[in-house]
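Student: These protein sequences, in sequence, are chains U and P.
Going by this note's numbering, the first sequence runs without a break in its numbering and finishes at 761.
Going by this note's numbering, the second sequence runs without a break in its numbering and finishes at 871.
Hints in this document: simulated from the structure, not taken from any laboratory.
It is possible that some hints are incorrect.
Stated by the list, open to error - Distance condition first, Cα-Cα at most 27 Å in a straight line; then the derived DSSO-like pairs of lysine-lysine:
#1 U:227 with P:865
#2 P:834 with U:16
#3 U:454 with U:91
#4 U:223 with P:865
#5 U:548 with P:833
#6 U:16 with P:833
#7 P:856 with U:42
#8 P:865 with U:196
#9 U:548 with U:525
#10 P:833 with U:563
#11 U:548 with U:563
#12 U:752 with P:833
#13 P:856 with U:223
#14 U:700 with P:804
#15 U:42 with P:804
#16 U:429 with P:833
#17 U:227 with P:804
#18 P:834 with U:563
#19 P:833 with U:223
#20 P:804 with U:690
#21 U:45 with P:833
#22 U:45 with P:865
#23 U:277 with U:362
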Amino acid sequence: MAADTAFASEENGVLKVRTCAWSPPGDHPVGCGLILHVQDGKLVKVEGDPDHPITHGRLCPRCIALDEVVYHEDRLQHPLVRDRADRGKNKWREVTWDEAYDLIEAKVREIWDKYGAESIFTLTGTGRESTLYAPVYGPAVLNTCNGASTYAFSGQACYGPRATIANYLLGAGVPEIDWAQYYEDRYDHPGWECPKYLIIWGKDPLYSSPDGFFGHSIIDLMKRGSKIITIDPRLTWLSSRAEFHLQLRPGTDAAVGMGLLRVIITEDLYDHDFVEKWCFGFDELAEAVKEWTPEKVQEVSWVDAQTLVGAARAFATNAPSSGIWGVALDQSKASTQAGQCFLAIMAICGYLDVPGGIAITKPTSFIGKWRYEMSDTISPEMAAKHIVDPTGKYALFNVGAAMGGVQGDTLLNWLEGMYKDYDCYYDLKMCWMIGTNPLACMADQPQRWYEAMKPLEFIVVQDIFMTPTIMALADVVLPLSTFAEHDGLVTPNFGRNQHFIGAMNKAFDNPNTKSDLEILIDMGKRLRPELWDRFESVDQFFDEQLRKNYDFGLDDVRAVPAKMAGYEYRKYEKGLLRPDGEPGFDTMTGMVELNSIVLASYGEGAVPYYEEPEFSHISKPELAEEYPLYYTTGGRNISMFHSEHRQVPSMRAMHPWPLVTINPVVAERYGIAEGDWVRVTSPQGHMTQKAHLTEEVNDKFVHVEHAWWFPEQDGEAPNLYGVWKANANNLIPHESVGVTGYGAPYKNGICKIERVDSLDD
Amino acid sequence: MQYGMLIDYGLCTGCRSCEVSCRKEHDLPLEEWGILVEQIGPKRLGGEWEWDYVPVPSRLCDLCSERRQEGKKPMCELHCLANVIEVLPMDELAKRASELGHGKVSCFIP
Numbered sequence: 001m002a003a004d005t006a007f008a009s010e011e012n013g014v015l016k017v018r019t020c021a022w023s024p025p026g027d028h029p030v031g032c033g034l035i036l037h038v039q040d041g042k043l044v045k046v047e048g049d050p051d052h053p054i055t056h057g058r059l060c061p062r063c064i065a066l067d068e069v070v071y072h073e074d075r076l077q078h079p080l081v082r083d084r085a086d087r088g089k090n091k092w093r094e095v096t097w098d099e100a101y102d103l104i105e106a107k108v109r110e111i112w113d114k115y116g117a118e119s120i121f122t123l124t125g126t127g128r129e130s131t132l133y134a135p136v137y138g139p140a141v142l143n144t145c146n147g148a149s150t151y152a153f154s155g156q157a158c159y160g161p162r163a164t165i166a167n168y169l170l171g172a173g174v175p176e177i178d179w180a181q182y183y184e185d186r187y188d189h190p191g192w193e194c195p196k197y198l199i200i201w202g203k204d205p206l207y208s209s210p211d212g213f214f215g216h217s218i219i220d221l222m223k224r225g226s227k228i229i230t231i232d233p234r235l236t237w238l239s240s241r242a243e244f245h246l247q248l249r250p251g252t253d254a255a256v257g258m259g260l261l262r263v264i265i266t267e268d269l270y271d272h273d274f275v276e277k278w279c280f281g282f283d284e285l286a287e288a289v290k291e292w293t294p295e296k297v298q299e300v301s302w303v304d305a306q307t308l309v310g311a312a313r314a315f316a317t318n319a320p321s322s323g324i325w326g327v328a329l330d331q332s333k334a335s336t337q338a339g340q341c342f343l344a345i346m347a348i349c350g351y352l353d354v355p356g357g358i359a360i361t362k363p364t365s366f367i368g369k370w371r372y373e374m375s376d377t378i379s380p381e382m383a384a385k386h387i388v389d390p391t392g393k394y395a396l397f398n399v400g401a402a403m404g405g406v407q408g409d410t411l412l413n414w415l416e417g418m419y420k421d422y423d424c425y426y427d428l429k430m431c432w433m434i435g436t437n438p439l440a441c442m443a444d445q446p447q448r449w450y451e452a453m454k455p456l457e458f459i460v461v462q463d464i465f466m467t468p469t470i471m472a473l474a475d476v477v478l479p480l481s482t483f484a485e486h487d488g489l490v491t492p493n494f495g496r497n498q499h500f501i502g503a504m505n506k507a508f509d510n511p512n513t514k515s516d517l518e519i520l521i522d523m524g525k526r527l528r529p530e531l532w533d534r535f536e537s538v539d540q541f542f543d544e545q546l547r548k549n550y551d552f553g554l555d556d557v558r559a560v561p562a563k564m565a566g567y568e569y570r571k572y573e574k575g576l577l578r579p580d581g582e583p584g585f586d587t588m589t590g591m592v593e594l595n596s597i598v599l600a601s602y603g604e605g606a607v608p609y610y611e612e613p614e615f616s617h618i619s620k621p622e623l624a625e626e627y628p629l630y631y632t633t634g635g636r637n638i639s640m641f642h643s644e645h646r647q648v649p650s651m652r653a654m655h656p657w658p659l660v661t662i663n664p665v666v667a668e669r670y671g672i673a674e675g676d677w678v679r680v681t682s683p684q685g686h687m688t689q690k691a692h693l694t695e696e697v698n699d700k701f702v703h704v705e706h707a708w709w710f711p712e713q714d715g716e717a718p719n720l721y722g723v724w725k726a727n728a729n730n731l732i733p734h735e736s737v738g739v740t741g742y743g744a745p746y747k748n749g750i751c752k753i754e755r756v757d758s759l760d761d
Numbered sequence: 762m763q764y765g766m767l768i769d770y771g772l773c774t775g776c777r778s779c780e781v782s783c784r785k786e787h788d789l790p791l792e793e794w795g796i797l798v799e800q801i802g803p804k805r806l807g808g809e810w811e812w813d814y815v816p817v818p819s820r821l822c823d824l825c826s827e828r829r830q831e832g833k834k835p836m837c838e839l840h841c842l843a844n845v846i847e848v849l850p851m852d853e854l855a856k857r858a859s860e861l862g863h864g865k866v867s868c869f870i871p
């Protein structure tokens, strides 16, 4: 925080600190460049950093209103404890950090002795800075096999499926559009080309800026000539500008993908040279998609046959082109097959690792790699106790695969006692939640998760605000600092395709709060000093991690707005993707595995196939008579990040209520007017949101928003800030997942709607 | 010299960063605005989708004259995610509008 360093300067009593944003408050690692103006130790202004090579000063409303988060009267400012008997009640006691740490340490040691460390599990959430550090709490602090990347989340239905399929098929980190993101000189970089077409599939990146992708770079590319193909049930704003909009029935992505592949293959539009040299299993893929004629695709997915053919031809015959795949591909039972199709399209068109195509890097780097190394710090005996489905499903979730976590559906079944009669069963006793508010967001059937978590002896949660999950379940609450109040590093794509490293520089103090990393090191020193004692400071930690991987350290990163990674094209020709230095991809065959040996070994299809969603008018025609509409969920609005920002005045004013989006024709059929409360009911449950009438959805489905709760309402149980009332996850079936355990239908199901009088109906 | 605001609104995505930035920079209450984003559509016109966002400055907009005197961009222009706002001298507005050339460009002199 010193004045006049490489990243801070003082002018007329105002300290201006350059930093890269991440979280808290919620955001993905895009690392947008900020200049924070600090006067008398207080944040007085947020300004975009015009010198940041990615954002060039541009900011979304959430960072612009950062002051409203930092100084919000409801922010957690002290560690809190509560008697276990008072869960659900607002009966908190403020304690010091040392008291909170003492309590946690004593309880963990007691649980280690009485039940074994395996009875402790951790839960984490999505996208936040904590995703780097949360997976380490379980193995390297609590010494348990049931930590790593574990979510209260059916089918781990975000990012994990895509990251895993990319790893299996390409042997690479998460693929990304080549938007010149690796270069200081960006779009002027010699050798870079602008993609001619962009497939934007199950994603609305303008408003989500996912994983490290600065969403509005799509607009930069459109200004430079890129044309758009969207694959989305919704008419998104981008779809309204698209040359082709493939408006599919929610959950039928694999059928559309196979239809696109069939056009490209049967019309001989693919890159023969790339396929012959670098792809394994093309013939099997061609055979698998043969039956998916445009007419059949239209029948199954409702995508107009001519639009499908036009999109496939335009995409395959205009090199270079590129694409981006969204969480919608993860959020169906057929996530694996949809992902296979996306990667196969990019591969056979010859767009992998070429200028203006799909950028790929090694699977993990830097801190991404560190967190995996830290997962290997438990004993083999402990690792053997890792919770897996005892009936033999989801073998991919054994230790060492699938980000090392416990499969979410298996975890709920385990907590509910479904596996009590198996020899491997033991009771879980403690949970530590880091960067997650599962009762509001993520947890399928959230009230079941609530009931299943209640019997736990001890629950710790860390966050910046009181949440429904904390009020319902926590015994100890640790208050987090915002990204403006702590030091850190931003690693786009969580190290799985990192185009720069950005320094997150502390701009002012909030002495009673700590970062996820500070808490990790503090508790690590207490519980597993052999792993943590050598870390004297956060700075030393980051410097060491950087120097292990690069020829520069923390000061070098802090010296610039963003330390750009640079990029080498056609790495597969140069031996730059494999650890052995041989040409090819880092897969078993050394090629892109269109026919996946690894997937087959997990009992999954080696090539894509189509499976009808479990709840649809085709798979359950009688039920669909009662539930005549489809629903999809989770479209983003830019003023909020998942369950966050509901209490931030400027952000809530932009989007005051949860909206169910209904086509005007459908609304008229049900006597629903703009602003009416509408109850949406699926075979699994119901919830209520406010009607918004628009042609963004057609007459076959509605869209409901996710992760709503109401900080202004009564927080105590049973109301819990109204977390059950508008909760989209009430609609979601438990364990309707893919063969691997990945993929769950958060974005596709059947429903009925009716007008009601209030949110409470 | 008089300045005006050119908005390439055909590519405005409705993020409303301009609204929030302006309120912060001019210390306006939540009920007031220096610029407001209006939504038009989506509706079909001539078989194609029409869906626009148009930011409209209010009388409270001074085009961030203080910032411009320091050689800085107005806050809405700096933060605009789609990079579609430009504050320019009057005599350059028409030239810049014709350079953009694709239609859906508006000009405000608040």
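Student: When the hints from earlier in the document are held up against this structure, which numbers fail?
Tutor: Violated hints (numbers, rising): 5, 7, 12, 15, 16, 22; every other hint is consistent with the structure.
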